[in-house]
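Chemist: As you go down the protein sequences, you meet chains L and P in turn.
Residues 1 to 132 in our numbering are what the first sequence spells out, letter by letter.
Residues 1 to 120 in our numbering are what the second sequence spells out, letter by letter.
Just so you know, these hints were derived from the structure itself, not from any lab.
Just so you know, even glycine gets a beta-carbon here, dropped at the ideal spot from N, CA and C.
Possibly wrong hints are sitting among the right ones.
Here are a few chain P residues that face chain L, going by a calculated C-beta distance under 7 Å [said to hold, decoys possible]: (1) 13; (2) 26; (3) 55; (4) 59; (5) 75; (6) 78; (7) 79; (8) 107; (9) 114.
Residues from chain L that face chain P, not an exhaustive set, calculated with beta carbons under 8 Å [what the hints assert, rightly or not]: (10) 4; (11) 51; (12) 52; (13) 62.
Here is what each chain is made of, one letter per residue.
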Amino acid sequence: MATPPPVAKPARPVYLDLLSIRQPLPAVLSILHRASGALLFLVGIPLSLWGLQASLGSADAYASFATVVSHPIAKLVALALAWAYLHHLLAGVRHLLLDLHVGIDLAAARRSSAIVFVLAIVLTLFVAIRLW
Amino acid sequence: MVNLAARHVVGAHYGLRDWLVQRVTAVVMLLWTLVVLGALMWNGGFDHASWKALWAGEFFRLLSFLFVASVLWHAWVGVRNITMDYLKPVALRLTVQSAVVAVLVLYLGWTLRILWGAGA
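Please model the complete structure; the sequences and the hints are all you need to start from.
Modeler: Structure, rendered in structure tokens:
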């Protein structure tokens, strides 16, 4: 069978400017789920292992670890990682619930996205209060 | 005559397994996180002595090893998905994926050293 001749496609406007399209809240949540996961892999895992090793060392090692961690920049890094962990974890719990067909209609899915955003930020604020 | 249309096999067959791995490891990490948060609240914070005492417990070490192993396996599935989405040249993708696997295995060794190595 011969392939049919190509049909000339009408020139339709292609609009895929990701920065201008208004993304729905679950889409933003999903993008940040991936971004926070990447941050946790690139920075979170090595820093956490380093911190665990230093904090479980001798009293001197612990003291120098505490000095490093009390630096304002270190606290900001820790806070960013805490947000990434909390956002990733809460978005993951939401994902597991969606897998179990809990809250899969549009209104519920949007509401649960908002809850994840707010809860992650509120819990991150708790971490900030403890750090400072 | 073999009916090829009846069973159209495609893909590398790790899709369902990795989907499940991502969820099982997520639950393990969630439970460990709740245990540590509980211990933190029970203690009202940690100083060096109580922190070391927590990690001296053999059961907690085993739980934490399970946690880290889950983190690393979970990270592999996630990072592999990212590389498959954004790194199109095969040579680049395989190089990055190999490096990621190597780093994750190194992290596992580092974890074993922290948990059960000399001085732990």
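Chemist: Does the structure break any of the earlier hints, and which numbers would those be?
Modeler: Per hint list: 1, 4, 10 and 11 violated.
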